[in-house]
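Chains as they are written, first to last, in numbering that gives the first Met the number 0: chain A, 0 to 370; chain B, 0 to 370.
Because the hints were derived from the structure by calculation, they are not lab data.
Predicted, not measured: the structure shown is a model, and the values here were computed from it.
Wrong hints could be hidden among the right ones.
Note that identical chains are pooled: a pair holds if it fits in a single copy or bridges any two copies.
Stated by the list, open to error - With a Cα cut of at most 30 angstroms, we get these calculated DSS-like pairs of lysine-lysine:
no. : residue 1 : residue 2
1   : Lys282    : Lys323
2   : Lys84     : Lys351
3   : Lys25     : Lys323
4   : Lys170    : Lys204
5   : Lys323    : Lys205
6   : Lys250    : Lys284
7   : Lys323    : Lys250
8   : Lys250    : Lys282
9   : Lys229    : Lys323
10  : Lys323    : Lys43
11  : Lys43     : Lys11
12  : Lys160    : Lys351
13  : Lys67     : Lys43
14  : Lys100    : Lys67
15  : Lys11     : Lys282
16  : Lys11     : Lys84
17  : Lys100    : Lys142
18  : Lys127    : Lys67
Here's the letter readout for the chains.
Number of protein chains: 2
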Amino acid sequence: MIFRTIDYFEGKVRIIDQTLLPSIEKYLDLGSVDEVAEAIRSLKVRGAPAIGIAAAYGVLLSLETFLKQTVSDPPPFFFDRTNGKAITAGSEPDMRSVRVKLLQAIDILGATRPTAVNLFHALDRMRKIVEREDLDIHLFCGKMKEEAFRIFDEEIETELKMGEYGSSLLKDGMSVLTHCNAGGLATAGYGTALGVIYSAASEGKKIDVFADETRPLFQGSRLTAWEMMKNDIATTVLCDSAAASLISSGKVDLVITGADRVARNGDTANKTGTLTLAIICSKYKIPFYVAAPLSTFDLEAETGAGIVIENRDRDEVVLFQGVKIAPSGVRVYNPAFDVTPASLITAFITEKGLIYCPFDINIEKTFSAGE
Amino acid sequence: MIFRTIDYFEGKVRIIDQTLLPSIEKYLDLGSVDEVAEAIRSLKVRGAPAIGIAAAYGVLLSLETFLKQTVSDPPPFFFDRTNGKAITAGSEPDMRSVRVKLLQAIDILGATRPTAVNLFHALDRMRKIVEREDLDIHLFCGKMKEEAFRIFDEEIETELKMGEYGSSLLKDGMSVLTHCNAGGLATAGYGTALGVIYSAASEGKKIDVFADETRPLFQGSRLTAWEMMKNDIATTVLCDSAAASLISSGKVDLVITGADRVARNGDTANKTGTLTLAIICSKYKIPFYVAAPLSTFDLEAETGAGIVIENRDRDEVVLFQGVKIAPSGVRVYNPAFDVTPASLITAFITEKGLIYCPFDINIEKTFSAGE
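Next up, chain A with everything else stripped away, as it sits in the complex:
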């Protein structure tokens, strides 16, 4: 099953509101760049690849909105995949004002969350077109639409390929533990870590999934478990703190997580708690895999020390549904991510295959091979 996590539809960015799952399955139509930015910040849409796509669509939405406000007789939708319309000749807006508007949108979207690198990769791709001087408005609109949808399409294709490569690691009857949600909801719709499980399941392998609940926002129990149930895959939820007990008792064959940013040497930022799992796996000699499309690698970060870690609001930890679970005034430590050193990672699962140690050399090789 490919989830409809994010779509560009009838001139809006349509997302499933992930903060309401699993109780309520509600789609939101975001009509402005500010709404898209707010949805990213508040985790209504989350997961490194999904954030990248949301940002690309957000830039397209900004263009759509600007055209509707400036051209005479605008059609209902400019950029829908199938129903998009060209600008009527004679009502073309000035390219300079278009660029100013779109660079503003890129700035707004780029300021939402600092860690997931896919956001910046996607915005960079959109910016490159915005900055081209050789396009008239008609060609420009075509390129922008093409690039935004291509980011989505490439992502889906990537996820399916990662699934195939990763599935080779899973034998029938194996148990996989995962953290947070690196599934269809975090991506274009299939998933990275969970895509590997879907791929194995589609080959007829029976896989037992253990999902860390993933405090403070329960992406594991709310989202991963929900995805798994939708796909009829046997799943057990546990508190993050119970993973050591589970792994030490021999009930887990391997761990697969996603990634928010992978440095050039293989150090990996991912949802807080990932480092804990990697350390436990190392102690009990359980393989620890990171499923990460190449769009999640940041070759400009030499090591994990170069990755900015987002600290999130205290209320995520001390309030739940408005109920106070800590005394007023207590301090809170709430980093959204931690950095797992490359030395604790068995391999990366990417759309170009598995990347093993030595990571610095093999990551570079994988990127060079793609050029």
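Fit chain B to the supplied structure of chain A, relying on the hints for placement.
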């Protein structure tokens, strides 16, 4: 500050309801053995030493209730510390029926929770008196009252001594991470792991405390943070999954937890998540201490494999304040405790001093020295 966690008062067992903290500070007067058993099972009173005391008081309560129902002209209270009354001569009940009643009470209380060994130690002490054939009802009542209050008094004395020994490990300005609640609320009122911190603070040392929130029931954020704030000790709450991030960044000097049962070789059962912390400490070479009164040691368990681990209800994990945080029908893994192997423990803090490696020999020595 010594907390009034548990008391025997006006013919009732008085406890602070720990499920309502930190929002509501409410005391419950338990009037029957069944009410005491229910309070233990539902964690209204929790923590290995506190459970032991609650059980001893529960047996005394059973005797009090029985006397009130059987003797003529009963006084308002038989066993209050200061206002207890003897039985009027001439209305003595039959010792055999007293014994039957009390052994029933001991069975009910012993079936509440399987892991904390203090429960069984306390009940054994009460049972030994119940089974004595050489006492008439007057002497018997005196001995029962004496033993129940002695269990409490010894525990407080023990905790204060543990605090002194443990405090030697803490230097001014140090940061201590702890898990769950091994404070006044878990004990007779001072604490084991937290007693060490209180003792250091009382000597004028500035200690920074980090409290793992401790899913699923938030004993860290709800109870430990509450105790610390009451004692004006600087405290930061974090999700259990963030401890690796915190420790790896060098912000923690040592970890101290409590224990629910320590085997003869030093393997230690404590709240789920303790094993995780011990593994992380081992990875980053941070000392990992267990504060455990000798009443928490179980010399009949050779190793951790001999410790029964309680599995608790799924709803603790998938519901919060009635709100669903996982899809219906998902499986849940919810062990209340995990077992930390002795090899990951730096030392035990006990009322007889610190116990270092080799634990099997030194634990035995400590017990022999006390005989």
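Hints versus structure:
no.: 1; hint: Lys282 / Lys323; verdict: neither (36 angstroms within a copy, 34 angstroms between copies)
no.: 2; hint: Lys84 / Lys351; verdict: neither (36 angstroms within a copy, 83 angstroms between copies)
no.: 3; hint: Lys25 / Lys323; verdict: both (27 angstroms within a copy, 16 angstroms between copies)
no.: 4; hint: Lys170 / Lys204; verdict: within (7 angstroms within a copy, 55 angstroms between copies)
no.: 5; hint: Lys323 / Lys205; verdict: between (41 angstroms within a copy, 27 angstroms between copies)
no.: 6; hint: Lys250 / Lys284; verdict: both (13 angstroms within a copy, 27 angstroms between copies)
no.: 7; hint: Lys323 / Lys250; verdict: between (35 angstroms within a copy, 26 angstroms between copies)
no.: 8; hint: Lys250 / Lys282; verdict: both (15 angstroms within a copy, 22 angstroms between copies)
no.: 9; hint: Lys229 / Lys323; verdict: between (32 angstroms within a copy, 17 angstroms between copies)
no.: 10; hint: Lys323 / Lys43; verdict: both (22 angstroms within a copy, 18 angstroms between copies)
no.: 11; hint: Lys43 / Lys11; verdict: within (15 angstroms within a copy, 51 angstroms between copies)
no.: 12; hint: Lys160 / Lys351; verdict: within (8 angstroms within a copy, 61 angstroms between copies)
no.: 13; hint: Lys67 / Lys43; verdict: within (26 angstroms within a copy, 61 angstroms between copies)
no.: 14; hint: Lys100 / Lys67; verdict: within (13 angstroms within a copy, 84 angstroms between copies)
no.: 15; hint: Lys11 / Lys282; verdict: neither (48 angstroms within a copy, 49 angstroms between copies)
no.: 16; hint: Lys11 / Lys84; verdict: within (15 angstroms within a copy, 79 angstroms between copies)
no.: 17; hint: Lys100 / Lys142; verdict: within (17 angstroms within a copy, 85 angstroms between copies)
no.: 18; hint: Lys127 / Lys67; verdict: within (23 angstroms within a copy, 87 angstroms between copies)
When the structure is compared with the earlier hints, violations turn up for hints 1, 2, 15 and for no others.
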